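J.: Sequence:
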Amino acid sequence: MRMVLLGPPGAGKGTQAVMLQEKKGFLHLSTGDILRENVKNNTDIGEKAKAFMEKGELVPDDIVIETMLDTIKNVQDKKDFVLDGFPRTVYQAKKLDNELSKLKLPIDIVVYFRTGISTVILRLTGRRLCSKCGANYHIVNMPPKKQGLCDRCGAKLYQRKD
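Residue numbers for the sequence shown follow our numbering, beginning at 27 and rising by one.
Label pairs and their in silico Cβ distance ranges:
#1 LYS49 <-> ARG178: 16 to 22 Å
#2 GLU63 <-> LEU126: 18 to 24 Å
#3 MET168 <-> GLU80: 24 to 30 Å
#4 LEU126 <-> GLY174: 40 to 46 Å
Listed below are the simulated SDA-like cross-link pairs for lysine to any residue, each with C-alpha atoms no more than 20 Å apart in a straight line:
#5 LYS74 <-> GLU92
#6 LYS66 <-> LYS76
#7 LYS158 <-> VAL44
No lab work stands behind these hints, which were simulated from the structure alone. Predicted, not measured: the structure shown is a model, and the values here were computed from it. Glycine included, every Cβ here is placed at the ideal spot set by N, Cα and C.
Kindly generate the complete structure, drawing on both the sequences and the hints.
T.: The following block contains the structure:
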């Protein structure tokens, strides 16, 4: 099964995708995580995306499409995947649909998370990530056992710039 989770930042797409990964074995393909990994590894895609990400801007469609389609092609033998944060525009959706049709990997389910702006702001301002292993926390809803430190590996937590 192939699934797309859509909605604003902080709506819960990533949280639900992780649950699908852990409970049902889906491969979680997060646009943001994949782009950040490319930036960290200084790939060609990472270099293209870095300037936009550092300014908190959306990475242009063509870069996102190239990144996500390359990722999907590399994992296409793993048929069950969930796309988190992609596509985010009609253009991206059309390109995704066209390419997945060629690969005979149509999307089975699309879920849209409708969330109010006040909820989004509350969730995003409280979000923290581990600087080493990438574990997610929230200072109110899911705080670490020791303030500012990851429960899994003990590294410092940080708040993303975007």
